[in-house]
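Using the hints, position chains P, E and L against chain Y.
4 protein chains.
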Amino acid sequence: MKLYGATLARVEPGAVEITMPFNEELTQHHGYLHAAVVTALVDNACGFAAMTISPAGMEMLTVEYKVNFLAPASGEILIARGTVKKAGKTFIVCTGEAVMIHEGKERHVATMLATMFPLAPRISN
Amino acid sequence: MKLYGATLARVEPGAVEITMPFNEELTQHHGYLHAAVVTALVDNACGFAAMTISPAGMEMLTVEYKVNFLAPASGEILIARGTVKKAGKTFIVCTGEAVMIHEGKERHVATMLATMFPLAPRISN
Amino acid sequence: MKLYGATLARVEPGAVEITMPFNEELTQHHGYLHAAVVTALVDNACGFAAMTISPAGMEMLTVEYKVNFLAPASGEILIARGTVKKAGKTFIVCTGEAVMIHEGKERHVATMLATMFPLAPRISN
Amino acid sequence: MKLYGATLARVEPGAVEITMPFNEELTQHHGYLHAAVVTALVDNACGFAAMTISPAGMEMLTVEYKVNFLAPASGEILIARGTVKKAGKTFIVCTGEAVMIHEGKERHVATMLATMFPLAPRISN
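Chains as they are written, first to last, in numbering that gives the first Met the number 0: chain Y, 0 to 124; chain P, 0 to 124; chain E, 0 to 124; chain L, 0 to 124.
Watch out, some of these pointers could steer you wrong.
Unchecked claim - Computed far set for chain L versus chain Y, every beta-carbon distance over 10 Å:
{"hint": "1", "residue": "Asn22"}
{"hint": "2", "residue": "Ser53"}
{"hint": "3", "residue": "Pro54"}
To be verified - Dumping the calculated DSSO-like pairs for lysine-lysine here, alpha-carbon to alpha-carbon at most 27 Å:
{"hint": "4", "chain 1": "E", "residue 1": "Lys85", "chain 2": "L", "residue 2": "Lys84"}
{"hint": "5", "chain 1": "E", "residue 1": "Lys85", "chain 2": "L", "residue 2": "Lys104"}
{"hint": "6", "chain 1": "E", "residue 1": "Lys85", "chain 2": "Y", "residue 2": "Lys85"}
{"hint": "7", "chain 1": "P", "residue 1": "Lys88", "chain 2": "Y", "residue 2": "Lys85"}
{"hint": "8", "chain 1": "P", "residue 1": "Lys84", "chain 2": "Y", "residue 2": "Lys85"}
{"hint": "9", "chain 1": "Y", "residue 1": "Lys104", "chain 2": "P", "residue 2": "Lys88"}
{"hint": "10", "chain 1": "P", "residue 1": "Lys84", "chain 2": "L", "residue 2": "Lys88"}
What the hints assert, rightly or not - Covered by chain E, according to a simulated footprint, are these stretches of chain L (three or more residues, beta-carbon under 8 Å):
{"hint": "11", "stretch": "70–78"}
{"hint": "12", "stretch": "85–98"}
Worth flagging that the hints you see were computed from the coordinates, not collected in a lab.
Every residue gets a Cβ at the ideal spot worked out from N, C-alpha and C, and that includes glycine.
This is chain Y alone, in the form it adopts within the complex (with noise of 0.2 Å):
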């Protein structure tokens, strides 16, 4: 996430939000943000919120994820928002979600719903 300049703009207990300013070397042929830089990020924005609501120190694994994506990636800021929609036993079920903000106004790109796995992480030594 370093490389794209990408920030965690919000962290509530059960609910992240990540922006990135648009960045042309993340673009497909046509000059949107290409879907799968979208689908990183909301994926990220999921395990992070599965994170907040889970014990510290626990890695996340993401299971499996779907997108529907709903317009194309142009604008001045990508803004992916995570919210556990349910968290169980053994996994923790998320719905994310890609806007971007151009010229002031939210146009919604994508939305995920995702399984996340909550793993202890290994003792290596």
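Showing chains P, E and L alone in chain Y's frame:
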């Protein structure tokens, strides 16, 4: 839906709610409503929600859906909610939720992200 | 499955096939098998496939599934196939297919990608 | 794809294979290829596979994809395979697979089920 005793409880532009009383004939071996029944109701709610914003007479095809199951479907009433997330030129993306009412409290049992495709009905004659 | 007249037609390690004769009671308004019935059979095929590679007595929960509908489910026999794609420590990822046999020819009607979670049964009492 | 050093290794009607050497710049904090990179390559392989069966000059939009992550993406070469499952009048449904080659052996790292939408390019002036 007739067979299930399901009712279209609420219809607004882009949002539909279907309710169905618990029905022992639709349960699986643990006594919960079968996942397929839950899926069918939420799929219907999404399809109807998409219809509310489409020209009259269009049929609504489900291109695909993705469902996360969140809790067993036990309780007295199943409520399936469908909401239009984004209506594009060709597709309509909907989110759906299933909750069970048990002793007056809602429990979230499933969440859906679906792609609908409005289709002009074929004229047969 | 009893109600549907479905039969476990083939069971191998990691692969299961269920067949079901067309049944007018399970159709939607166009006379095709209902998408929920197709989904249920493929979900079952995936769950059984996952069981074939799990310790005896485990229950199999469907964490989530994603289904693409490819063609109307018309014909004489529905075949639902479930195959284990990957068995991890915690989850089992399966693919499922539904085909209809019509006048001796197979037609692909749906395809599924699902996450299963084996669970030791709760001892009651 | 230029940036990643990815190559279109195989193109057949309805099936495409892209290969990419492991690239440290595309890894996450554990040193595996980032899930977004894996997703992007498989998405591309699915899009190209859909193009191989579409009229020349069509653009291919990803309506939605669903990805299950099966193993960490470590190894020397990433292979992304896209295959057309069903070409309908409006959509093309594809399956995609990602494998890593490590010491000559294939390891399955991700599986995708995606909906593609062929679109005639807009003529601009």
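Exercise. Quick check: which numbered hints come out false for this structure?
Worked result: Going through the list in order, the structure violates hints 7, 11 and respects the others.
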